[in-house]
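Asks: Residue-level listing of the chains:
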Amino acid sequence: MYKIVKREVLIEGDTELMEVYAPRIAKRINAGNFIMLRISEKGEKIPMSIFDYDRKKGTVTIIFKIIGKTTKELSCLKEGDSLLNFLGPLGKSTDIEKFGTVVCIGGGIGTVPFNPICRDLKKAGNKVISILGARNKDLLILEKEIGNHSNELYIATDDGTKGQKGFVTDVLKKLIDDGVKIDRVIAIGPIIMMKFVSQMTKPYGIKTIVSLNPIMVDGTGMCGCCRLTIGNETKFGCVDGPDFDGHLVDFDNLMLRNNRFLAEEKEASEHGGGECACKKGKA
Amino acid sequence: MPVKKEKHKMPTQDPKKRATNFNEVELGYDEKTAIEEAKRCLHCVNKPCVSGCPVNIEIPSFVKFISEGDFASAIKKIREKSDLPAVCGRVCPYENQCEGVCTLKKMGEPLAIGKLERFASDYERKHGFKCDLPRPTGKKVAVVGSGPSGLTCAGDLAKMGHSVHIFEALHDGGGVLTYGIPEFRLPKEIVKTEISCIKSLGVEIEYDVVVGKTVTIDELREEFDAVFIGTGAGLPSWMGIPGENLNGVYSANEFLTRVNFMKAYKFPEYSTPVRVGKIVVTVGAGNVAVDCARTALRLGAKKSIIAYRRSEKEAPARIEEIHHAKEEGIEFKFLTQPMKIIGNGDGEVKGVECVKMRLGEPDNSGRRRPIPIEGSTLTIDADTVIVAIGEKPNPVLTENTNGLKITKKGTIEADENGKTSLKGVFAGGDITTGAATVILAMGAGKKAGKAIDEYLKSK
Ligand SMILES: Cc1cc2nc3c(=O)[nH]c(=O)nc-3n(C[C@H](O)[C@H](O)[C@H](O)COP(=O)(O)OP(=O)(O)OC[C@H]3O[C@@H](n4cnc5c(N)ncnc54)[C@H](O)[C@@H]3O)c2cc1C
Ligand SMILES: Cc1cc2nc3c(=O)[nH]c(=O)nc-3n(C[C@H](O)[C@H](O)[C@H](O)COP(=O)(O)OP(=O)(O)OC[C@H]3O[C@@H](n4cnc5c(N)ncnc54)[C@H](O)[C@@H]3O)c2cc1C
Ligand code: SF4
Ligand code: SF4
Ligand code: FES
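Protein chains in written order, with the numbering used here: chain F, 310 to 592; chain C, 15 to 473.
One should not assume that every hint holds.
To be verified - List time: in silico DMTMM-like cross-link candidates among lysine to aspartate or glutamate, alpha-carbon distance up to 20 Å: (1) F:401 / C:413; (2) F:336 / C:72; (3) C:119 / C:186; (4) C:23 / C:237; (5) C:354 / F:573; (6) C:292 / F:573.
If you are wondering where the hints come from, they were derived from the structure by calculation, not from laboratory data.
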């Protein structure tokens, strides 16, 4: 059992933070790795990126968006409760070197893994330009944290309630047009965002890394559920990724595969998801 | 009285009924039948059966106890050599092992050794497991993986007085016994009981630890006096044909893990979903493929078809399982090789394009090589395709371990006692042989256990 030592609501009813005691994982986890968790015996095992870790305290922090049955159930847990399973660090960690100027693009919940990624990139001597995107200002997260690890920070909201009105790709386009020398782009967020970012950087030959989120079962390379089409090759998201070269990814196949269980997910959600008489635990 | 030529029949659930549930297919002998069957044994002096068993269970001795009605002594005799009798009695391909060399075969059917072993273990589960523990040696051994090889090695080392800690990546123990082989063939309660017997020897199991990721072999070598690696062959193989990434195509591992391990057959009570569809085509004819096809049927498929490129004679599954599958209504399409999975334009499977095969000369596996018959293309309508053409060793541990020699096939290099290229590190089971059988994995765990004990004594 893995104890929840801290829980915080970032956006009421939408996004929450959870710090979990998992000393073995805390000791070895790095930027770009993920964990898999299961709440209870009957639960699904789901993957989550890491927001932060504390090797001394032995904790790992995740931030999750409430979307379906499992994340709803997760939001019902309180500080002091425990998760049944917490597995990691999984996947390959993000390549961190001195590249020069790195543009980090986070869309929605995809912003989470940038906390350690930007921190490490900066530590390695890169100039970090971050672009955060959200539908509106209320859904924008981690502006302060990412800002602290970046040399420059841009915000884009769909409705213009914060930063620039428009998409993160508009900001990236402007940087490119302004002649900023970009050595690498890392984009994490909705599949469609990663697809457009990759399309934009390709003609300029800017190396672009995306972190993919296929559906997973075990996270250890055993089932092949998470397979992706990368440059005509089949790769497993959980062990070969989650980071891949955006110019090689078949995003359409990923989008399709992630909709595999739409009907079942809806059914699961209606079957008790989020109905746990839990609101008492809410901050 | 002359010896009965045939085995006593195993009572089974009615095929029509069982095709709709996950309860065990075979129901087990009652005491009277077990005694009668046991009496068929000739007690041959040369005991070919014992050498036919990879862990050398003293078959005539335990069978004699059963024939005398002394079931407690029978199971004790089996336990001297095997920690998983309830499992082996159910899933061992005994037709190729102990029973394959049984003298009775010359006169008819061999002794039903597997079923008698199962009977003795079922008796034990009802009456409790007992074992005396030796004095602790103070030595610590880490075992990676809780499949049959790891469990056997752990159990044996514990019985020698060593302190054993198993690290398992998944959230439950048993390896393939738990996540792969379905409930109707091997009830999970039975695997659980076998594991708890091993735990009662003092063995500890820690779940959610992916060795190579969560901890490294180097760290384990520092903390423990020896290490055994039994990580199995859990990497699905693909056919490499067009359409394999369409929705509706599963690897056998994904399909079985969703259903058995995450209990998708109880969805939505359990949260993990699985989608089966009306017509399911499973590719391959090993135990894994037959398990998938029978599982699909139980999950409501109207038609469950097995497509296999060779003929029935070459099919590697246990004969009994193919027989059971046929009874349940699984359709076998032999000499049929899928060439392409066809989509419906929305990314979902619509059918499988196959070509008919004929058998040529034997290949290096000793089986006759299948050769495509030109112009024999046919399409099978399907909404689900399960690829069950084999498993390779999972590279997560080996990739992250310095100095551990592996073969071209990705298996760990080990001698006949499981010794690897790293001092104090042993390996066995599917990770050294490639996908094989439960009893061979157990045999490897046993040999390694003995070698580790010798190594610890010499240290
Ligand atoms: C490497 C990786 C890192 C991730 N990091 C984060 C993160 O930091 N924060 C966050 O909020 N979310 C993250 N996710 C997504 C998260 O796993 C899903 O939101 C979660 O599984 C949804 O479960 P649910 O039961 O609440 O919703 P469901 O209703 O079951 O599913 C909603 C959608 O989530 C996806 N999904 C469902 N089941 C799985 C599964 N087993 N594995 C992967 N995706 C699934 C599917 O696209 C599905 O359509 C990550 C996913 C991956 C693969
Ligand atoms: C569906 C199916 C049906 C089968 N039917 C039969 C049958 O009827 N009869 C028969 O004899 N054989 C059968 N087999 C084959 C048999 O199950 C295997 O040969 C046997 O289980 C191998 O045992 P093992 O101990 O080597 O590995 P496994 O049983 O594969 O166990 C390995 C364990 O190690 C764990 N592991 C892997 N990597 C790591 C890591 N890095 N860190 C920690 N843990 C790790 C895995 O999670 C797993 O629990 C079947 C196999 C399948 C898949
Ligand atoms: S373990 Fe398998 S091979 Fe050995 S006696 Fe039992 S059924 Fe036969
Ligand atoms: S070979 Fe057959 S008949 Fe002979 S001792 Fe063994 S089980 Fe009995
Ligand atoms: S999630 Fe099973 S192989 Fe990646």
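Asks: Which hints from the list above does the structure break, by number from lowest to highest?
Replies: 2, 3, 4, 5
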